[in-house]
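Colleague: Here's the letter readout for the chains.
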Amino acid sequence: MTIQSRPRDTDRKTRVHLSVYDRTKFLLLFALTFFVLAWASMADNPLLSFSDALVKTADDKVWLIVLAGIEIVRQIHFALAELLAPYHGIWLKYFVFVNRLLGKLSDWNRFRLGRVIKWLVFVAMFSIVLGAIYKETPVRALFLAPKALWSALPMIGQLMFAVVFVIIQFAAIFWFLSRGGVDTYFPDDIKTRFSDVWGQDHVLNRIRENLLFLETPELIEKHGGYVPGGILLWGPPGTGKTLMAESMAGETGKPFVFVDPGAFTNMFMGIGVLKVKSLFRKLRKLALRYGGVVVFLDEADALGNRGISRPAMHSGTTDAAIFGTPCNGGNYLSDPGKSLVTNATMANNKFMMGGAAGGGGSGTLQALLTELSGLKKPRGFINRVVRRALGMRPKNPPKYRILVVMATNMPEALDEALLRPGRIDRMYRVGYPSKAGRIRTYEGYLDKVSHSLTAEDIDKLATITPYATGAIIKDTINEALIMAIRNDRTSITWTDVIKAKQLKDLGPAEDVEYIERERHAVAVHEACHGVMAHLVRQHMAIDLATIEKGSDYLGMVASIPPDDQFTRWRTEYEADILVSVASLAGERMFFDGDNSSGVSGDLESATTIASFMEGHWGMGSTISSHASNRRNEVGAPGGNRGKDDGTKDLRMALGDRIENNLATLLSRAEEILKENKFKVLALAHALETHKTISGDDVIAVMNGEKGPLVDGRPYSIQSNLDAIWNYHLAAVVAHQKHERPDLPIPVFEAS
Amino acid sequence: MRSTAKRIAISSVIASALITLTGCSQSQIYATDKVTGTYVAIPNGWNKIEKSELDKAESKSTAPGAAEKLANVLWHEAYTTSPEVTATQILNLQAPVGAAVYVRVRALDFTEINSISYNSLRNLLVPLTTWLDDPAKANPKFVLIDDYERVEKVARGIRTIYTFEDAAGVSETVDQTALLSDDRTQVYILVVRAKTKYYNKHVDELLAIGDSFTVRGDK
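First to last, the protein sequences are chains A and B. Residues are numbered in our numbering as their position in the first sequence, beginning at 1, plus a constant of 877. Residues are numbered in our numbering as their position in the second sequence, beginning at 1, plus a constant of 165.
Careful: at least some of the hints might be erroneous.
[Said to hold, decoys possible] Straight-line C-alpha distance at most 20 Å; calculated EDC-like pairs for lysine to aspartate or glutamate:
| no. | chain 1 | residue 1 | chain 2 | residue 2 |
| --- | --- | --- | --- | --- |
| 1 | B | K199 | B | E330 |
| 2 | B | K306 | B | E317 |
| 3 | B | K234 | B | E223 |
| 4 | B | K199 | A | E1013 |
| 5 | B | K213 | B | E330 |
| 6 | A | K1551 | A | E1626 |
| 7 | A | K1614 | A | E1464 |
| 8 | B | K199 | A | D1599 |
| 9 | B | K318 | A | E1356 |
| 10 | B | K199 | A | D1352 |
| 11 | A | K1378 | A | E1449 |
| 12 | A | K1376 | A | E1356 |
| 13 | B | K199 | B | E223 |
| 14 | B | K199 | A | E1464 |
| 15 | A | K1554 | A | D1533 |
| 16 | A | K1426 | A | D1365 |
| 17 | A | K1012 | B | D220 |
| 18 | B | K362 | B | E330 |
| 19 | A | K1012 | B | D383 |
| 20 | A | K1325 | A | E1289 |
| 21 | A | K1154 | A | E1013 |
[Claimed, not checked] For each label pair, taking beta carbons as the anchor points, the in silico distance ranges come out as:
| no. | chain 1 | residue 1 | chain 2 | residue 2 | range |
| --- | --- | --- | --- | --- | --- |
| 22 | A | W940 | B | S190 | 15 to 25 Å |
| 23 | A | I1044 | B | S282 | 56 to 66 Å |
| 24 | B | S190 | A | L1030 | 53 to 63 Å |
| 25 | B | S190 | A | K981 | 47 to 57 Å |
| 26 | A | F927 | B | K221 | 50 to 60 Å |
| 27 | B | N288 | A | A1025 | 36 to 46 Å |
If you're looking for bench data, these hints aren't it; they were derived computationally from the structure. This one's a predicted model, so the numbers in the text were calculated from it and none came from an experiment. C-beta: ideal position from N, C-alpha, C; glycine also.
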């Protein structure tokens, strides 16, 4: 069955049907004119009745009836042509030349010609009506009209004032409310340059390219391309996005417009829309005047979205919310590991970040979307109104060279429509600086102060601060300077920097003194993590270990990756789990099978990683992805629990397999700790003695060497280890009886 | 098809309405002088006596000041039910055949401006006030039917309806309205006359003529 379409005009055998309006418009015009003339007769003669006025008008204005008659004949002709194909055919045959003549005119000229004719008809009818009112000939009456208008001007002026006064009040209020939040800088107003941005060279190169296209768009346009008009800089806070924008302002020879994050948040509905329109009016003006303009919208997530959540590009959740355990169990994990645990926990808690509709609201975002990539409308009053009134075609809008740069650390909160190509053409992740970038950044900030750090120190500092952003580095150096000044020095030393780093990483200690048996228990707990990390985790180096109570932890062993590494391996995750479960294994081993609740965070971390290994990363006994199974609702490998065959392990439920894996790793951790029980107690002793020690000190204790703070050599002497063992036994008894240990903590003389 | 028929029907209605109007005539004759803003509605079918005939008849008058008065006439027209009535008969007091209407607007001279009053308006055709003050001097068949003040937009005056006996002894009823402009420079006069017998027979029609007399003044 073929689809029946409406016939094309050229296929029709009859004339195209006229609309009701086209059918009656002239008759209605004549009728209206007739009634106006009748009304004029009645106004002229107070005795004249309505019916007599109609008759009188019909007698006096025969031409109007004639015109109406002609129109009726025309409409009858049209109606016949619409209904009767032969009639229409004959007509077309003999009068097709009229259409040909009209067809020679362009659409625009035909429109203009039609408008001129309509105006002439209107003026003619208007003059006839005026003539009837003024009792003059139509032509004279037409010239009397301006006089009447002139005499009525005072009244019209009063009325206009009354109306305009109210409008002006509203307009003025909204005009004032739509000001602010937008700052314009011209070349050389800002001194920051690309050379002031350190550690983000790959992004800077791209931005430089965008600026180059803005300056010389012909480079790309003459080859049929278009200049990318929008850049999104996204990434963690403090990585230098705003600084980059500032350097763009300094580098470019075009005006630079900064838009405050709160500019589109307003008290009244509609102000945001006005602000967006006003902003882009300004941008277009600047773009035309200076050949281009750059606009920077900082914290673009303030614009909000229309309720569609984007998939998360980066987790912005704080670890404290997840690792709020006494041991701060996630701290010895690498950042990706922490991020993983965090995201998984958030998903379990149905906790959503970002994505909520908000921002300017009330059409602000939509207005922005339209301005960024809407219809290319003719603009300007003269262009749109005056030219059109004079019958001139409005000029096409010029190419506005506007480069829109947005920055956010919550890209998932942005509307999808905002990020599509054509609006935001390029998205650059301004991530954590590379080691080379960190070195350059440290050097940059250290150059501003007096310090005694060598190039090797700076290299090491960059190594032990893998996720330090520009802002963090700046803050750390400043904190180190404050510490130096507090100690009556003006030059920063290595110790100042390390202390500043610890202060920033851990926060200030709470100066809480544990009771002895609890101090020992916390020390043993952290020592288990430390020894295990030292022995099995080669991809991370211990940064520090502490039993000083912080705001949300009792102690911790913090590790850092020595290198920039972007892939993770099964053995590494197993090592992570071993470090996590070491606390449980150690507590049970050293406290006769007892263990504290402080292992909860460790177990949560271990379980999460084990779950991902088993269900997602192909690091377990099955291959299929649990994420995919769950999404596709096909079920995970499992079931047939009772069946005893060779594939029993593979058929176990996911949870059982995770538990089995964890149990295996716990057994391994117990074995390792059993073999190294004196090292655990030695490290616990060092922690009890010094509270906080560095990673180098941990190595010194393990190897029986002298460390920066702790002299590890006494821990290689068996009598000292026996003393530590005896102290531990006393602490265990005290733990069981809830009393003070019989023995004091041993003190060793430095050799 | 239905919508096409509907459109054709609408167009036809508008067209037929316009065409029908051209075949109709007005229900009344509207005697109008737009210069002085004076209007009166006369029943259809009455005969109009042209201004030129009235001028000619009045110019023959030998009464003192008649020529000056004629010169001051701004507009006058007459209508009669009978085509036999002449302009001369309109201007004298002899009862006409059928009914006659005479409407006149005249400018006043300086003397008249200073002396004119409601009584002088009443005494436009016959000495009404004398007849009323002294019945002995009154016309034998004089009866005052009505006498009241009329106020128009730019003029005011007296409408008087009375019966008297003309020179031929025929009882005649006159409905006269004489208005003086507010600036006392013009008089607006409407006289509806008929034999009393005729008048009584067509009283509603003739009263309506007097009622329609409207003065709006110069625009």
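Colleague: Confirm or reject each hint.
Modeller: Here's how the hints hold up against the structure:
1. Annotation: proposed proximity of B:K199 to B:E330 is violated, straight-line Cα distance about 36 Å (limit 20 Å).
2. At most 20 Å may separate the alpha-carbon atoms for a hinted pair to count; B:K306 and B:E317 exceed this at roughly 31 Å.
3. For the proposed pair B:K234 and B:E223, the alpha carbon gap of about 9 Å is at most 20 Å, so the pair holds.
4. Using a Cα cut-off of 20 Å, the hinted pair B:K199 and A:E1013 holds, with the two alpha carbons roughly 13 Å apart.
5. For the given pair, B:K213 sits about 26 Å from B:E330 by alpha-carbon distance, which is inconsistent with the 20 Å threshold.
6. A distance of roughly 27 Å separates the Cα atoms of A:K1551 and A:E1626; the hinted pair therefore is violated under the 20 Å criterion.
7. A C-alpha spacing of about 17 Å is found between A:K1614 and A:E1464, which places the hinted pair at or below 20 Å, so the restraint holds.
8. The straight-line distance between the Cα atoms of B:K199 and A:D1599 is roughly 136 Å, outside the 20 Å bound, and the hint therefore fails.
9. For a cut-off of 20 Å, the pair hint linking B:K318 to A:E1356 is broken: about 98 Å separates their Cα positions.
10. This hinted pair does not check out: B:K199 and A:D1352 have alpha carbons roughly 97 Å apart, beyond 20 Å.
11. Between A:K1378 and A:E1449 the alpha-carbon distance is near 26 Å, which puts this suggested pair outside the 20 Å criterion.
12. Under the criterion of a C-alpha separation no larger than 20 Å, the hint pairing A:K1376 with A:E1356 is consistent with the structure, at around 9 Å.
13. Distance check on the hinted pair: B:K199 and B:E223 sit about 23 Å apart at the alpha-carbon level, beyond 20 Å; violated.
14. Restraint check: the Cα-Cα separation between B:K199 and A:E1464 comes to about 121 Å, which exceeds 20 Å; the hinted pair is violated.
15. Proposed proximity of A:K1554 and A:D1533 is contradicted: the alpha carbons are some 30 Å apart, above 20 Å.
16. Of the pairs offered as hints, the one joining A:K1426 and A:D1365 is violated, with about 28 Å between alpha carbons and a cut-off of 20 Å exceeded.
17. Distance restraint check for A:K1012 and B:D220: the Cα-Cα separation of roughly 27 Å exceeds the 20 Å cut-off, and the hinted pair is therefore not satisfied.
18. Proximity of B:K362 to B:E330 is assessed by CA-CA distance (about 12 Å); at most 20 Å being required, the pair is judged to hold.
19. Note on A:K1012 and B:D383: the hinted pairing holds, with a Cα-Cα distance of about 13 Å set against a maximum of 20 Å.
20. This hinted pair does not check out: A:K1325 and A:E1289 have alpha carbons roughly 37 Å apart, beyond 20 Å.
21. About 51 Å separates the Cα atoms of A:K1154 and A:E1013, which puts this hinted pair outside 20 Å; it is violated.
22. Between A:W940 and B:S190 the beta carbon distance is about 19 Å. The supplied range of 15 to 25 Å therefore holds.
23. For A:I1044 and B:S282, the hinted distance range of 56 to 66 Å is satisfied, since their beta carbons lie about 59 Å from each other.
24. Range check, B:S190 to A:L1030: Cβ separation about 43 Å, and the 53 to 63 Å hint is violated.
25. Look at B:S190 against A:K981: about 51 Å separates their beta carbons, and that is inside 47 to 57 Å.
26. Hint check: A:F927 to B:K221, Cβ distance near 38 Å, so the stated range 50 to 60 Å is violated.
27. For B:N288 and A:A1025, the hinted distance range of 36 to 46 Å is satisfied, since their beta carbons lie about 45 Å from each other.
Hints 1, 2, 5, 6, 8, 9, 10, 11, 13, 14, 15, 16, 17, 20, 21, 24 and 26, counting from the list given before, are not met by this structure.
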